[in-house]
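2 protein chains.
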Amino acid sequence: MAGVSPGTVDRVLHNRGDVSQASKDAIALVLSKVNYHPNIHLSAISLKKKFKIVVAMPKSYKGEYWGGARSGILKAVEEYRNIDITCKFCYYNQFSLDSCRTSFENVIQLNPDAVIIGPTFKDETIVLANRLKDNNIPFVYIDSMVEGTAPLAFFSTNLFSCGYLMAKLITSITPPDSEYVLFQAIRVGDESANTTILRKAGFMSYFEEHQMSDRVHRVSFSVLEPDRNETLIGEYFENNPTIRGIVVLNSRGYVIANYFKKHHIDRVKLICSDLTEKNEHEIKNGFIDFVLCQRPEMQGFCAMKVLVQYLTFGTVVKMENFMPLDIITRENLDYYNETSDTVVPFS
Amino acid sequence: MAGVSPGTVDRVLHNRGDVSQASKDAIALVLSKVNYHPNIHLSAISLKKKFKIVVAMPKSYKGEYWGGARSGILKAVEEYRNIDITCKFCYYNQFSLDSCRTSFENVIQLNPDAVIIGPTFKDETIVLANRLKDNNIPFVYIDSMVEGTAPLAFFSTNLFSCGYLMAKLITSITPPDSEYVLFQAIRVGDESANTTILRKAGFMSYFEEHQMSDRVHRVSFSVLEPDRNETLIGEYFENNPTIRGIVVLNSRGYVIANYFKKHHIDRVKLICSDLTEKNEHEIKNGFIDFVLCQRPEMQGFCAMKVLVQYLTFGTVVKMENFMPLDIITRENLDYYNETSDTVVPFS
DNA sequence: CTGTTAGCGCTTTCAT
DNA sequence: ATGAAAGCGCTAACAG
Chain A
11 MAGVSPGTVD RVLHNRGDVS QASKDAIALV LSKVNYHPNI HLSAISLKKK FKIVVAMPKS
71 YKGEYWGGAR SGILKAVEEY RNIDITCKFC YYNQFSLDSC RTSFENVIQL NPDAVIIGPT
131 FKDETIVLAN RLKDNNIPFV YIDSMVEGTA PLAFFSTNLF SCGYLMAKLI TSITPPDSEY
191 VLFQAIRVGD ESANTTILRK AGFMSYFEEH QMSDRVHRVS FSVLEPDRNE TLIGEYFENN
251 PTIRGIVVLN SRGYVIANYF KKHHIDRVKL ICSDLTEKNE HEIKNGFIDF VLCQRPEMQG
311 FCAMKVLVQY LTFGTVVKME NFMPLDIITR ENLDYYNETS DTVVPFS
Chain B
11 MAGVSPGTVD RVLHNRGDVS QASKDAIALV LSKVNYHPNI HLSAISLKKK FKIVVAMPKS
71 YKGEYWGGAR SGILKAVEEY RNIDITCKFC YYNQFSLDSC RTSFENVIQL NPDAVIIGPT
131 FKDETIVLAN RLKDNNIPFV YIDSMVEGTA PLAFFSTNLF SCGYLMAKLI TSITPPDSEY
191 VLFQAIRVGD ESANTTILRK AGFMSYFEEH QMSDRVHRVS FSVLEPDRNE TLIGEYFENN
251 PTIRGIVVLN SRGYVIANYF KKHHIDRVKL ICSDLTEKNE HEIKNGFIDF VLCQRPEMQG
311 FCAMKVLVQY LTFGTVVKME NFMPLDIITR ENLDYYNETS DTVVPFS
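Chains as they are written, first to last, in this note's numbering: chain A, 11 to 357; chain B, 11 to 357.
Hints are supplied without guarantee of correctness; some may be wrong.
Chain copies aren't distinguished; within one or between two, either way the pair holds.
Cross-link-like lysine-lysine pairs, in silico, DSS-like; alpha carbons within 27 Å at most [claimed, not checked]:
(1) Lys85 <-> Lys328
(2) Lys34 <-> Lys210
(3) Lys288 <-> Lys178
(4) Lys178 <-> Lys294
(5) Lys62 <-> Lys43
(6) Lys34 <-> Lys72
(7) Lys43 <-> Lys69
(8) Lys69 <-> Lys210
(9) Lys58 <-> Lys43
(10) Lys178 <-> Lys271
(11) Lys34 <-> Lys98
(12) Lys85 <-> Lys43
(13) Lys178 <-> Lys85
(14) Lys272 <-> Lys72
(15) Lys60 <-> Lys143
(16) Lys58 <-> Lys294
(17) Lys98 <-> Lys60
(18) Lys60 <-> Lys43
(19) Lys58 <-> Lys288
(20) Lys178 <-> Lys43
Source of the hints: derived by calculation from the structure; they are not laboratory data.
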């Protein structure tokens, strides 16, 4: 249509220089006239490049949060199966700084074309981000954004809003003047997960806005010492029988739910994050009232897709990508099935 | 790999008979060995067939429910732009039986290869479904299933569960012993929308299970006479000042919200269906507490995808496809954006 | 019953 | 700076 050969059109499409301005203009005109959009699946079959994409994220067991992200990533690789993508996972123990360092070092050693990062420890992540930047390796975050770094994009929920919504929900389903507990899972040293810090800020912000901060108690428990927790939680409830609502900012809601089950407590409302298998179970049992879900699969899927699009077409997407904040409860759980839906935001 | 030509492989893939058992077996073996999955986008470019798909659904204005379904359908057509799909819409007025009949008659006249139906009037839909069946034209439903017909598939929420969840939510956020109103929008004659009947059953079922049926009042209002409603609602609230929660089973929650706004009522909780623009607005204003959303875009998208896959590959999916029931409230509304997500359940 | 051929949209290589 | 040709996975038409 533009009176040039397909080769020239391709050169224009990919900005591979050495095309006369005249040809460029002619082609651009036709392109917009026919509303041209490249079809990545067709590109794929003739693309000769190979891509190595490395994913650094916490190791997780079946039914846990990071497993969802992982399967979203693999789904995207599968969708682009005509592109030669090698996807390597560098897992780390999310409760061990050392293992995180080792994993991140591995990422660099693998000399990837692009990286997906599931951050936990902020400082370590900044170090990695800077090294990637120095090597001109694009990267995206899933689960949370680390400020002070420059990823290609990030896919997470707005964690502040998540905490805020948790506060709104727990106060909506409990009588006025109730008292609340914020249970916090603590990890190594004082290092809180990036996500928890932000959720907490949102949560407290709601209570401050409504002049109810004085009705929130805070209790820390360790994920690594389940036995101590039993005692800790037990003592807490005995000493504070007036508590009507509990919020666990991370996915450990089932720990409290199990305590409820064991001690036949059913008048206390409970809300937590992440639709893990254990939480799902306790929702069905009626011990967890609401779970906020951040679509981990969708996050992983989008992250991989964005990278592939960037590597193949240089397509840049907006950096900030907040996922929906899903509210899951006993009555809509069965229809949620994040597994079966995968999302294509950037056609 | 199987020692046969691509032509033969293609014949096996599409069951276009006349292939020796020996070849079939050899090919089947290789296919499973390499975990072969056809790539529909690659098929598309060499496919010579043309498809005419007709959509019969209520006409809707910008920001209303059926507009979402429509855009999901168009998105799927766009995703398969290499396939020659002609998509025609036969709209009808969802409050007029006559217009529905005319629209459905049109569908048949157009002699489509497949049909997407957004049903409202049950009996008319059954007539259409039977005629399509007689002509061997496959069809799928969106929004709701019509029992007694045999679609290829349907995509809707579980409407009973939706009503049930509405009941659960409204009772969770109001004090014990509150009284409730179920507002019902009435259409021509006694003809209630298919969807409303099922939601109502779910709603009442929750109240019956909890022995609270006596605390539910029921009020009907007409969508077509907004002026009378103002008076009707007004009288109702004056005579029943003890009401603490209101549920509108369809998308007309904003009608009540507007009444609240005008009369400065803010102690009554309100829940309705469908994230239309007007409802969105009233969520932000704080007059609607929760909206249940059924992902109309996703429904349309899936419906079209399933038909295309069926027409091109004969792929059959399971008939019953329940979409997630999303709970939307002021704090997660901004991140919901169904528009930007489109779903691919049947990779 | 099967192989051959051409061609879809796209990219790359090589020659000019 | 450009075109021609080959080839990716896939389907269709034709010849045997």
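So, going through the hints one by one against the coordinates:
no. : hint              : verdict
1   : Lys85 <-> Lys328  : both (22 Å within a copy, 21 Å between copies)
2   : Lys34 <-> Lys210  : neither (53 Å within a copy, 61 Å between copies)
3   : Lys288 <-> Lys178 : both (24 Å within a copy, 23 Å between copies)
4   : Lys178 <-> Lys294 : both (22 Å within a copy, 14 Å between copies)
5   : Lys62 <-> Lys43   : between (36 Å within a copy, 25 Å between copies)
6   : Lys34 <-> Lys72   : neither (52 Å within a copy, 38 Å between copies)
7   : Lys43 <-> Lys69   : neither (49 Å within a copy, 30 Å between copies)
8   : Lys69 <-> Lys210  : within (24 Å within a copy, 45 Å between copies)
9   : Lys58 <-> Lys43   : between (29 Å within a copy, 24 Å between copies)
10  : Lys178 <-> Lys271 : both (25 Å within a copy, 22 Å between copies)
11  : Lys34 <-> Lys98   : neither (39 Å within a copy, 36 Å between copies)
12  : Lys85 <-> Lys43   : between (34 Å within a copy, 20 Å between copies)
13  : Lys178 <-> Lys85  : neither (34 Å within a copy, 35 Å between copies)
14  : Lys272 <-> Lys72  : within (25 Å within a copy, 52 Å between copies)
15  : Lys60 <-> Lys143  : within (21 Å within a copy, 49 Å between copies)
16  : Lys58 <-> Lys294  : neither (50 Å within a copy, 50 Å between copies)
17  : Lys98 <-> Lys60   : within (14 Å within a copy, 42 Å between copies)
18  : Lys60 <-> Lys43   : between (33 Å within a copy, 23 Å between copies)
19  : Lys58 <-> Lys288  : neither (44 Å within a copy, 50 Å between copies)
20  : Lys178 <-> Lys43  : neither (50 Å within a copy, 53 Å between copies)
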